[in-house]
Amino acid sequence: MELAIVGIIANWLAVFYINVSLKYDEASQILLPLVIIFALVATIGLIITTHNKKIGGILIIIGSILFVPLGLIGVLGGRKIISQENAKSLEERRHF
Numbered sequence: 145m146e147l148a149i150v151g152i153i154a155n156w157l158a159v160f161y162i163n164v165s166l167k168y169d170e171a172s173q174i175l176l177p178l179v180i181i182f183a184l185v186a187t188i189g190l191i192i193t194t195h196n197k198k199i200g201g202i203l204i205i206i207g208s209i210l211f212v213p214l215g216l217i218g219v220l221g222g223r224k225i226i227s228q229e230n231a232k233s234l235e236e237r238r239h240f
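The opening residue of the sequence shown carries number 145 in the numbering used here; numbering runs sequentially from there.
One thing to keep in mind: the hints can contain errors.
[As the list claims (entries may be wrong)] Below, in silico cross-link-like pairs of lysine-lysine (PhoX-like), each with a Cα-Cα straight-line distance of 20 Å or less:
| hint | residue 1 | residue 2 |
| --- | --- | --- |
| 1 | Lys232 | Lys198 |
| 2 | Lys167 | Lys197 |
| 3 | Lys224 | Lys197 |
| 4 | Lys224 | Lys198 |
[As the list claims (entries may be wrong)] Ranges between beta-carbon positions, derived for each pair:
| hint | residue 1 | residue 2 | range |
| --- | --- | --- | --- |
| 5 | Glu170 | Val150 | 28 to 38 Å |
| 6 | Ser165 | Glu236 | 17 to 27 Å |
| 7 | Met145 | Ile174 | 24 to 34 Å |
| 8 | Leu166 | Ser233 | 41 to 51 Å |
| 9 | Asp169 | His195 | 37 to 47 Å |
| 10 | Leu166 | Pro213 | 15 to 25 Å |
| 11 | His195 | Val164 | 28 to 38 Å |
| 12 | Val150 | Glu235 | 22 to 32 Å |
| 13 | His239 | Ile174 | 44 to 54 Å |
Source of the hints: derived by calculation from the structure; they are not laboratory data.
Every residue, glycine too, gets a C-beta built ideally from N, C-alpha and C.
Given only the sequences and the hints, what does the whole structure look like? Please build it.
Below you can see the structure in the form of C-alpha cells.
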C-alpha cells in the first residue's frame, strides 16, 4: 500500500510540474486535463482499495500508466496490492 501511495504522490508531482512548465497553447489545453484525469483515477483507486483491493489496484495501475517512467512506482504498487489480495484469497480457499 505504501508503494502505491508514493506512486500517486509522484503522479501528482508530475501533474504539478506539467502545469508549471507548459506554455498555455493548444497542446496544453489537451494535455493538462488528461494528466489530471489520470491522476484522479489513480487517487480514486487508492480510496477504493479500502473496500475492494482488486478494483482499487486496477484503477491505480490505469491511472499511473500515463506517467511512465515515473508512474512505474504506482503501477508496481497497484500490482502489489492485487497480488496480496490474491494471496489472501488463495489462503482462504485452502483453509476452507
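Hint numbers not upheld by this structure, sorted from lowest to highest: 2 and 6
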